[in-house]
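Peer 1: The primary structure of each chain is shown beneath.
Protein chains: 2
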Amino acid sequence: MYLTWRLNTMTADHLSATFAALADPTRRAILARLASGDASVTELAEPFEMSLPAVSKHLKVLERAGLIARSRDAQWRPCQLEARPLKDAADWIEHYRRFWSESFDRLDQYLEDLKEKESKNERKQRSKK
Amino acid sequence: MYLTWRLNTMTADHLSATFAALADPTRRAILARLASGDASVTELAEPFEMSLPAVSKHLKVLERAGLIARSRDAQWRPCQLEARPLKDAADWIEHYRRFWSESFDRLDQYLEDLKEKESKNERKQRSKK
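Sequence lines, in order, name chains P and V. Letter by letter, the first sequence follows residues 0 to 128 of numbering that gives the first Met the number 0. Letter by letter, the second sequence follows residues 0 to 128 of numbering that gives the first Met the number 0.
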């Protein structure tokens with residue numbers, strides 16, 4: 000019982016860390032860059048016109064969330080994308096898919112109804128002429 | 000050009016607001032509760048052993064991110080789940096699916112190799128006996 004609670008809490012904290020790490024456009028851009036291959040901190044800093052310490056701060060948040068890993072290679076220390084936590088985030092959001100699908104279905108229905116109404120009106124006006 | 004940039008920035012901010020709102024276990028639990036039906040603030044506060052102001056604060060974050068809507072019914076003002084922003088979050092994460100699938104494929108391969116090695120060792124030991 001306690002273990003289940005602990006595990007749930009740990010997973011919850013893990014999810015919170017993942018979502019918090021993703022809640023920043025620069026950090027999402029860094030992940031997008033790493034999706035095309037490993038990169039050093041200097042390479043990652045380039046497109047952002049940011050100081051190295053500022054980028055390092057973002058990298059630390061991503062590293063704590065387990066979204067990137069840094070190689071032990073002292074010379075270069077490239078960063079690597081670790082997508083595993085994104086799976087848990089995707090799984091969590093997935094539970095809500097039916098809600099956004101439903102609202103799109105309602106929108107589709109509304110647009111269909113609107114189209115039908117318009118064509119009825121057109122037919123009416125044509126028959127009046 | 001400017002419009003594209005503005006739209007990108009707006010979408011980016013929107014995504015950040017969504018992820019930031021999801022980065023809290025209580026807010027995720029509130030969304031889970033609302034997935035089973037609309038609820039008043041008092042009803043939402045109950046399972047969390049939280050003060051109404053504390054819950055209201057969480058609701059404001061969710062409302063700003065567009066994840067919940069509150070009815071104008073002055074008597075009851077129930078909260079409703081609005082799943083639309085979750086779709087954008089899911090779409091963003093979806094781009095990384097191949098990375099976590101790949102790492103699971105690698106893990107599968109590793110376990111397969113391990114099993115094969117073990118059964119080879121067993122056969123060797125049996126033939127020695």
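For the record, the hints were derived by calculation from the structure and aren't laboratory data. Treat the hints with care, since some could be wrong.
For chains that are exact copies, the list does not tell them apart, and a pair is met inside one copy or across any two.
When the alpha-carbon atoms are kept at most 20 Å apart in a straight line, the in silico EDC-like pairs for lysine to aspartate or glutamate are as follows [as the list claims (entries may be wrong)]:
1. 86 to 23
2. 114 to 42
3. 59 to 45
4. 86 to 101
5. 86 to 62
6. 56 to 115
7. 123 to 111
8. 116 to 42
9. 56 to 93
10. 116 to 62
11. 119 to 45
12. 123 to 48
13. 86 to 107
14. 114 to 23
15. 116 to 37
16. 119 to 90
17. 86 to 121
18. 119 to 42
19. 56 to 121
None of these values were measured; they are calculated from a predicted model.
Peer 1: Each of the hints needs a verdict: does it hold here or not?
Peer 2: Evaluated hints:
no., hint, result
1, 86 to 23, "both (19 Å within a copy, 18 Å between copies)"
2, 114 to 42, "neither (52 Å within a copy, 40 Å between copies)"
3, 59 to 45, "within (17 Å within a copy, 37 Å between copies)"
4, 86 to 101, "between (23 Å within a copy, 12 Å between copies)"
5, 86 to 62, "within (16 Å within a copy, 26 Å between copies)"
6, 56 to 115, "neither (56 Å within a copy, 44 Å between copies)"
7, 123 to 111, "within (18 Å within a copy, 70 Å between copies)"
8, 116 to 42, "neither (57 Å within a copy, 41 Å between copies)"
9, 56 to 93, "neither (30 Å within a copy, 26 Å between copies)"
10, 116 to 62, "neither (55 Å within a copy, 34 Å between copies)"
11, 119 to 45, "neither (59 Å within a copy, 51 Å between copies)"
12, 123 to 48, "neither (61 Å within a copy, 61 Å between copies)"
13, 86 to 107, "between (30 Å within a copy, 16 Å between copies)"
14, 114 to 23, "neither (40 Å within a copy, 42 Å between copies)"
15, 116 to 37, "neither (55 Å within a copy, 32 Å between copies)"
16, 119 to 90, "neither (45 Å within a copy, 38 Å between copies)"
17, 86 to 121, "neither (50 Å within a copy, 36 Å between copies)"
18, 119 to 42, "neither (61 Å within a copy, 46 Å between copies)"
19, 56 to 121, "neither (61 Å within a copy, 50 Å between copies)"
Of the numbered hints stated above, those contradicted by the structure are hints 2, 6, 8, 9, 10, 11, 12, 14, 15, 16, 17, 18 and 19, listed in ascending order.
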